[in-house]
Amino acid sequence: MNFEPVVLFFVLGVVAGLLRSDLKIPGSIYEALSIFILLAIGLKGGVELAKHPVGDLVFDGLIIVLVGAIIPLVAFPVLRFIGRMSRADSASIAAHYGSVSVVTFSVGITLLGHEMLEFEGYLIVFLVLLEIPALVIGVILARHGEGTVRWGKLMHEVFFGKSIYLLAGGLVIGFVAGAEGIKPLDKLFFDLFKGVLALFLLEMGLVASTRIAALREYGVFLAGFAVVMPMFSATLGIVTGWMLGFSVGGTFLLATLFASASYIAAPAAMRIAVPEANPALSIGASLGMTFPFNIFLGIPIYLWMAKTIHAI
Amino acid sequence: MNFEPVVLFFVLGVVAGLLRSDLKIPGSIYEALSIFILLAIGLKGGVELAKHPVGDLVFDGLIIVLVGAIIPLVAFPVLRFIGRMSRADSASIAAHYGSVSVVTFSVGITLLGHEMLEFEGYLIVFLVLLEIPALVIGVILARHGEGTVRWGKLMHEVFFGKSIYLLAGGLVIGFVAGAEGIKPLDKLFFDLFKGVLALFLLEMGLVASTRIAALREYGVFLAGFAVVMPMFSATLGIVTGWMLGFSVGGTFLLATLFASASYIAAPAAMRIAVPEANPALSIGASLGMTFPFNIFLGIPIYLWMAKTIHAI
Amino acid sequence: MNFEPVVLFFVLGVVAGLLRSDLKIPGSIYEALSIFILLAIGLKGGVELAKHPVGDLVFDGLIIVLVGAIIPLVAFPVLRFIGRMSRADSASIAAHYGSVSVVTFSVGITLLGHEMLEFEGYLIVFLVLLEIPALVIGVILARHGEGTVRWGKLMHEVFFGKSIYLLAGGLVIGFVAGAEGIKPLDKLFFDLFKGVLALFLLEMGLVASTRIAALREYGVFLAGFAVVMPMFSATLGIVTGWMLGFSVGGTFLLATLFASASYIAAPAAMRIAVPEANPALSIGASLGMTFPFNIFLGIPIYLWMAKTIHAI
Amino acid sequence: MSSQSLLLLTILSEAVLEDILIEEIMALGAKGYTISEARGRGTHGVRTGKWTAGGNIRIEVIGDAELCSSIVQRLQAKYERDYGLLMFTCPVELQN
Amino acid sequence: MSSQSLLLLTILSEAVLEDILIEEIMALGAKGYTISEARGRGTHGVRTGKWTAGGNIRIEVIGDAELCSSIVQRLQAKYERDYGLLMFTCPVELQN
Amino acid sequence: MSSQSLLLLTILSEAVLEDILIEEIMALGAKGYTISEARGRGTHGVRTGKWTAGGNIRIEVIGDAELCSSIVQRLQAKYERDYGLLMFTCPVELQN
Ligand SMILES: Nc1ncnc2c1ncn2[C@@H]1O[C@H](COP(=O)(O)O)[C@@H](O)[C@H]1O
Ligand SMILES: Nc1ncnc2c1ncn2[C@@H]1O[C@H](COP(=O)(O)O)[C@@H](O)[C@H]1O
Ligand SMILES: Nc1ncnc2c1ncn2[C@@H]1O[C@H](COP(=O)(O)O)[C@@H](O)[C@H]1O
Ligand code: NA
Ligand code: NA
Ligand code: NA
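Here the protein sequences line up with chains B, E, D, S, Y and U, keeping their order.
Using the working numbering, the letters of the first sequence correspond one by one to residues 1 to 312.
Using the working numbering, the letters of the second sequence correspond one by one to residues 1 to 312.
Using the working numbering, the letters of the third sequence correspond one by one to residues 1 to 312.
Using the working numbering, the letters of the fourth sequence correspond one by one to residues 1 to 96.
Using the working numbering, the letters of the fifth sequence correspond one by one to residues 1 to 96.
Using the working numbering, the letters of the sixth sequence correspond one by one to residues 1 to 96.
Read the hints as simulated data drawn from the structure, not as lab findings.
As the structure is a computational prediction, the values presented were derived from the model and not from experiment.
Certain hints may be false.
Distance windows between CB atoms, simulated [claimed, not checked]:
{"id": "1", "chain 1": "E", "residue 1": "Phe59", "chain 2": "S", "residue 2": "Glu80", "range": "35 to 41 Å"}
{"id": "2", "chain 1": "S", "residue 1": "Glu80", "chain 2": "B", "residue 2": "Glu276", "range": "29 to 35 Å"}
{"id": "3", "chain 1": "B", "residue 1": "Val54", "chain 2": "E", "residue 2": "Leu19", "range": "43 to 49 Å"}
{"id": "4", "chain 1": "E", "residue 1": "Ala179", "chain 2": "U", "residue 2": "Glu23", "range": "54 to 60 Å"}
{"id": "5", "chain 1": "E", "residue 1": "Arg150", "chain 2": "Y", "residue 2": "Ala65", "range": "48 to 54 Å"}
{"id": "6", "chain 1": "D", "residue 1": "Pro300", "chain 2": "E", "residue 2": "Ala179", "range": "45 to 51 Å"}
{"id": "7", "chain 1": "D", "residue 1": "Ala179", "chain 2": "E", "residue 2": "Trp304", "range": "24 to 30 Å"}
{"id": "8", "chain 1": "D", "residue 1": "Pro300", "chain 2": "B", "residue 2": "Gly178", "range": "17 to 23 Å"}
{"id": "9", "chain 1": "S", "residue 1": "Val46", "chain 2": "D", "residue 2": "Gly245", "range": "49 to 55 Å"}
{"id": "10", "chain 1": "S", "residue 1": "Glu80", "chain 2": "E", "residue 2": "Phe81", "range": "29 to 35 Å"}
{"id": "11", "chain 1": "U", "residue 1": "Gln73", "chain 2": "Y", "residue 2": "Asp64", "range": "34 to 40 Å"}
{"id": "12", "chain 1": "B", "residue 1": "Ile312", "chain 2": "E", "residue 2": "Glu180", "range": "54 to 60 Å"}
{"id": "13", "chain 1": "U", "residue 1": "Glu23", "chain 2": "Y", "residue 2": "Glu23", "range": "55 to 61 Å"}
Covered, in the sense of this in silico footprint (three residues per stretch, anywhere, with C-beta under 8 Å from a C-beta of chain Y), are these stretches of chain S [as the list claims (entries may be wrong)]:
{"id": "14", "segment": "77-83"}
{"id": "15", "segment": "86-92"}
We treat Cβ as the ideally placed atom computed from N, Cα and C, and that holds for glycine.
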């Protein structure tokens, strides 16, 4: 159990939701918190990126994106044939699990802070890079030839959807400005990060509480999937990170990245590209089940895995 | 006169309202500011609480809650028989004065900061504990047998209404995480507290300016009550704190707590539980009169009282 | 080219707008950011003001306001007779260029921070003082005898419009409380200033991107005016500041102040006072053209001018 | 386009009543509802929405005359005396 | 349920006019009004509400035909030329 | 006051569709539209607007019967199956 205090705010939100408290985070505040988190993470990544010769990352990047692409390709048949779910739903859920969660990732970074562990900062870049193949594969699986895909609209949704755009934008600004240039912004974007993350988790809890119910309707299979899938993805990440010679922290973060499921970028993109998929299923699984699993149990487990494999 | 700069923001708001400036704090921002203040105060209290063996507080707590319950029981007959107000209005106003104001309390804490005075941090717990008897007594006085009370709805409103819920939630998180665990959140919740309080007071001023007028309609009696009542309650607090052997700061804060009148939790709860009461009266008195009185004159007076009694 | 990182956020916003990203800053957040910036700047100015015997400033102030009044008086005939624009549009645009932009000014201050240059802090007072003559002259030019001016409404709009009111209010509070009294608020209003400015510039970019198009319709004249006018005004500022014996920083800031064009106070006031003027023209020029010109090219040029004249 | 004649019942009331009114409306058999924020002025004075519980909400329900009138009667009986409340109906053609 | 036939006058205009229009409407004898935020597009172009004074407001007034037409005439005369303004009426049954 | 009889078409749908629906509506020849935020419940369940893409929008278009019915048909055909969508019309008198 991870006693990182920020996750207690998630509990606070869930409880408020379940007890039908009138607590609400206004929509515009939620928007502002996500803009803040996305920009802050992006800036952080950009600053880190500026420290490395980008060339060196191309190879690692390619490997990570290719391995990441395995996730939706494994998830789809499981959902379709074992779970007996519709093609559209299977594809949409696969896309959610192929892409990543900025907040889960942030909780992971927070834990590393506590553990005083270093990590390869440029890993943040994969918050952006892993979205694209996941969503594209998801759509292809859903369409599978038949039906027309509005690729233009989809690609626009993916690249210029606010979450990816802000992450990428932050990366570029952080990269161009560098640690020195960003310093005047540290007090807002870095010093306040954990506090804002706590508030965001409070809102996530409020929303998750409404999703857990939705999930219940869809039985144990999906619930099981929402726990087993991240464990599988995390293992992929552990092995990949270890083979690429990442530090313990980096290996752990890559696992967390793979294990996390999207509930911001993917839902919006899938709602447009695969409208016949039921969003309650994908969001219910990723937000109602996988997200809490990851921040409470998954993350400590992944850290243990990373430490163990490096102890070999 | 208390030249604590934060209160100048209240003045700024009142003046803007009276001069009909188009200055507005958007509703969602107001919500966000209150969420912040409630959580921050709660966290602070929880951290303090963690430092004491809770057992020791039970006795003090009982006394304080019992004495606190005197306030609405005194206020009601005064309003009903001297003020000749309707049973419902008397009861509702009594409940407002029995419960407490987080912002008034915060201004008190800010002043102690200036004066370099310590205080028993766990007093923050009473921000939560004092609400309950006050509101319950208010409803009983209003109903007095006749009429049905939706106790379930009321209790839910009291305990899971956002203000109490966030205070209590903050308390628990602060208690569980402890000073160390909360440290990463300090930069948001504690360092920015006074600044956020200033912005909140600006909004309070804007709202108060619209309430002062409302109050005027209801003549001098209510205005007088809104000044005399807090003085009486404060005296209760001074004596209680002194007898319980609190520090000067603690005695002062208890007085401030008793003297403050609610304008967030109580109005919402009373609107549901005692709908026939006119909210313009209770909010007009507590926000339009008592709140400014407390932050400008009351608080310095209460501090003087606390110092004097301890000088005996 | 000014590589002050905050301006990169403006670019991020413009690009998002042009690429039709779904990135939006909620209206209430925009409001909150402007309230923050206006109050922070006002407080800063007030604190500075408190350091000087106000008497000394009266003469400088008079000169600066008089010279500042030249700007709209020059802009009007240029727009009316060279640009062949309607009397109303010419007057409204003249008023926009006569008054000032808090954000442009803030970017200027940020640059001085980088360059480790001091400046006469009380210059912030002119953010308030320069608005009034500009707007009044604008209305007189528009009406020119004929037509009735709702002076009352206009003056109210000018003095109690939120931007001026918050600036002035911040000035007074900062002045009354002084550096010491404001210290508890520093962590919010001063430490976070640059970060908030960055977020504000992001929003400005989003808005500007929609204005650039609007501007295009009105041909090269207005675009040219929007670049030449600030250069002219800046020169006025450089000379004035130099003659008044300001420091390099102060001279630069006065030039920036003169060169900047309003897009918050003036648009609102003109929409009421000169409704027949097309707001797309004035906002298109000031926000779509002059603002980006100033923060990217203007400000570095004005700094160079200030350094040069002081090198004489 | 096969359209169906129904009534649109618009309810303007205090934000604090939101949950309670929704409960009543669904209990009376409405198939759905739409809520949006509002502010305004009426016999109960200005409701600027500035104050937490000080704003209004607009609840809209589309249904047949019977449903609407049962809602109107229920709300009138239970809330009109003590709360700001305004209700009006207007005939609409449901298009889907 | 005793209902009363009236008109619902909906006014869509620029947010910057809010106070001024409210003044006019109350001066013409309206018993109340409801305001909500809106954005949109019309002959005066897109009004995204992104810009401070760039949004629209929807003002709704329930009253008799006479009141509505006097409001319409006043606003048309004074504001139609220079401001984004759209007004339409629809018959409603006031239910309380 | 010269008023003109038209239809007010109200469309309630998912916020995520905003840009797409606006495109369709303008393409079908609408002169303008008004958008406001909403939340609610219907056959697709509760839409609290809590979640980013989880809110509703209300799109209102004033136009003649022909325009409205063409919009209704287009949206029904393309979006009714997969998205929360409710459309209804009501006769209004355009006042300016
Ligand atoms: N004549 C009216 N026209 C439009 N809206 C009204 C009118 N009267 C009242 N309202 C709305 O209904 C709410 C409650 O009305 P009341 O109960 O009269 O205070 C007000 O806050 C307004 O939003
Ligand atoms: N045909 C229409 N349907 C719905 N709303 C409209 C229509 N035309 C204009 N509007 C609204 O009225 C506002 C002002 O219209 P206009 O004066 O034509 O710019 C616009 O911003 C829209 O919100
Ligand atoms: N009977 C109704 N009355 C009012 N609004 C409704 C009704 N049914 C549905 N809605 C609105 O239309 C949206 C979509 O409806 P649906 O497609 O049935 O989920 C809902 O979220 C509500 O905002
Ligand atoms: Na993943
Ligand atoms: Na009290
Ligand atoms: Na200027």
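Under the constraints set out in the numbered hints, which ones does this structure not fulfil?
1, 2, 3, 5, 12, 13 and 14
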